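Asks: So the chains spell out like this:
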Amino acid sequence: MLTAAAAFLGLAAVLGACSAGPAATDPTGSAGTGSAGTGSAGTGPASSSGTGQAGPGGSGSPAAVPSVRQVQVSISDAGCSPQALSLPSGPTTFVVTNSGSSSVLEYEIEQSGRIIGEVENVIPGIDRTFTLNLKPGAYILNCPGGTSAATGTLTVTE
Amino acid sequence: MWSKRVLTVFLILLREGLEAALVVGIVVGYLIKVGRHDALRWVWIGIVTALLVSLGIGILVFITIGDLPSTIQEPIEGIAAVFAVGVLTWMLFWMRRQGRALKGELEGQLDAALRAGSTAALVGLAFVAIVREGLETALFLLALFRSAAATGQLSPELPIAGLAGLAVAVLLGAAIVRGAIRLNLRRFFSVTGVVILFVAAGLVASAIGAFVDAGWLPTGAPALNLSGLLPETSPIGALLAGMFGYRAQPTVLQLVGYFGYLVPVLALFLAGDRLRLFRRPRFA
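Those protein sequences? They're chains A and B, same order as listed.
Residue numbering for the first sequence follows numbering that gives the first Met the number 0, beginning at 0 and increasing consecutively.
Residue numbering for the second sequence follows numbering that gives the first Met the number 0, beginning at 0 and increasing consecutively.
FYI, nobody ran anything at the bench for these hints, they're computed from the structure.
Here the structure is a predicted model, which means the values were calculated and not measured.
Virtual Cβ for every residue (Gly too), placed ideally from N, Cα, C.
Treat the hints with caution; some may be incorrect.
Not everything, but these chain A residues come out facing chain B in the computed CB check (under 7 angstroms) [as the list claims (entries may be wrong)]: (1) G112; (2) R127; (3) T128; (4) T152.
When the alpha-carbon atoms are kept at most 20 angstroms apart in a straight line, the in silico DMTMM-like pairs for lysine to aspartate or glutamate are as follows [as the list claims (entries may be wrong)]: (5) B:K3 x A:E157; (6) B:K32 x A:E105; (7) B:K3 x A:D76; (8) B:K32 x B:E156; (9) A:K134 x A:E157.
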């Protein structure tokens with residue numbers, strides 16, 4: 000077990016050294032969308048991501064999908080931020096940042112009572128991503144353990 | 000701020016590692032106890048294979064797509080939990096039968112009960128227990144290592160906290176094995192049986208949670224909210240979550256699954272146990 004851990008350490012150190020991907024943010028949390036107010040999140044054009052975002056199906060093919068939009072969202076002790084999100088439809092990668100909470104570590108999106116995308120174990124400084132092909136409609140955001148914003152809304156327009 | 004983060008990382012990996020450590024500890028303790036060292040070797044092979052598979056797929060996913068989509072990860076976790084519940088339940092009643100058989104048999108004769116099929120089940124159980132959370136754990140650790148290496152100066156406290164969490168889980172598993180070896184066989188069967196019951200009931204709730212996260216089951220509102228009383232992210236909450244599937248906000252479906260498994264199986268188990276209390280062990 001110890002040898003496995005040691006091997007792990009070595010391998011991971013090599014990995015860490017050679018891949019400084021977009022997830023390497025500063026520990027203070029670089030959430031662009033700090034306020035929990037209403038508004039659409041900054042949906043910039045597909046950034047040149049080093050890790051190569053997966054397609055909507057999340058298949059293993061790392062072929063670059065240029066049309067995947069990245070959206071920055073964050074979680075805090077309050078819950079989901081922004082609490083009301085509005086996005087156009089299409090393939091979307093959610094980059095979830097923890098802005099300093101140790102009690103809220105999950106971000107989920109559900110539709111009609113079923114979870115369609117989520118990330119767990121999001122700690123400050125370690126962003127996690129998931130990709131969905133958003134269709135127009137109303138969705139619910141879920142940040143379990145949050146106080147005032149444990150749930151939120153996502154509206155997807157054409 | 001960073002110390003809170005370090006504690007969070009430690010607790011996440013302790014939680015992820017505990018369940019596997021507990022299940023593997025029971026399997027290893029059992030095989031040592033009944034003297035099946037040949038089967039034990041296969042279990043070790045299963046454990047190492049599971050670690051390598053988790054790490055290998057974890058690295059592959061990490062460098063290609065970064066994170067494993069929950070639509071893939073959660074079904075794996077759910078199905079693995081269902082398999083583990085099946086084998087644990089079978090192990091529970093099989094051990095009780097062996098406990099009963101003890102009154103007239105020597106310890107060594109238990110060997111005969113462990114046939115090829117049951118060895119495979121135990122090896123499969125150890126393998127599945129590790130792979131279930133192993134992939135997510137590997138991805139999480141890799142992200143910690145990358146963040147430690149990418150901040151300019153080396154800041155190893157997060158990966159160290161993560162490895163420490165796993166190490167504590169492994170130590171607890173080892174303590175279970177040691178404790179199991181000290182108990183006499185009859186006590187071992189009873190004590191382990193009760194532990195298995197609660198672990199398996201927790202796995203039923205975990206499986207339901209995984210299928211909900213996968214989108215296979217409806218979410219449903221939490222039946223109760225214990226986040227204020229005992230959050231999953233607190234040390235005790237994390238310990239209970241890792242060992243017995245504790246959830247601070249269980250859904251109705253999870254509660255029904257947990258007690259729907261626990262109550263009838265516990266009743267069956269205790270009914271058999273009470274019968275045995277009146278028989279004195281031949282050896283101890």
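Asks: Work down the list of hints and note, for each, if the structure agrees.
Replies: To see whether the hints hold, each was checked on the structure:
1. Restraint check, G112 of chain A versus chain B: the minimum CB separation of about 4 angstroms is within 7 angstroms; hint holds.
2. A cut of 7 angstroms between beta carbons decides the hint on R127 of chain A: the least distance to chain B is about 6 angstroms, and the hint holds.
3. Hint status for T128 of chain A relative to chain B: holds, with the closest Cβ pair at about 5 angstroms, below 7 angstroms.
4. About 15 angstroms separates the beta-carbon of T152 of chain A from the nearest beta-carbon of chain B, more than 7 angstroms, and the hint is not met.
5. Between K3 of chain B and E157 of chain A the alpha-carbon distance is near 42 angstroms, which puts this suggested pair outside the 20 angstroms criterion.
6. A distance of roughly 41 angstroms separates the Cα atoms of K32 of chain B and E105 of chain A; the hinted pair therefore is violated under the 20 angstroms criterion.
7. Proximity of K3 of chain B to D76 of chain A is assessed by CA-CA distance (about 13 angstroms); at most 20 angstroms being required, the pair is judged to hold.
8. Under the criterion of a C-alpha separation no larger than 20 angstroms, the hint pairing K32 of chain B with E156 of chain B is inconsistent with the structure, at around 39 angstroms.
9. Proximity of K134 of chain A to E157 of chain A is assessed by CA-CA distance (about 8 angstroms); at most 20 angstroms being required, the pair is judged to hold.
Consistency note: the structure conflicts with the earlier hints numbered 4, 5, 6 and 8.
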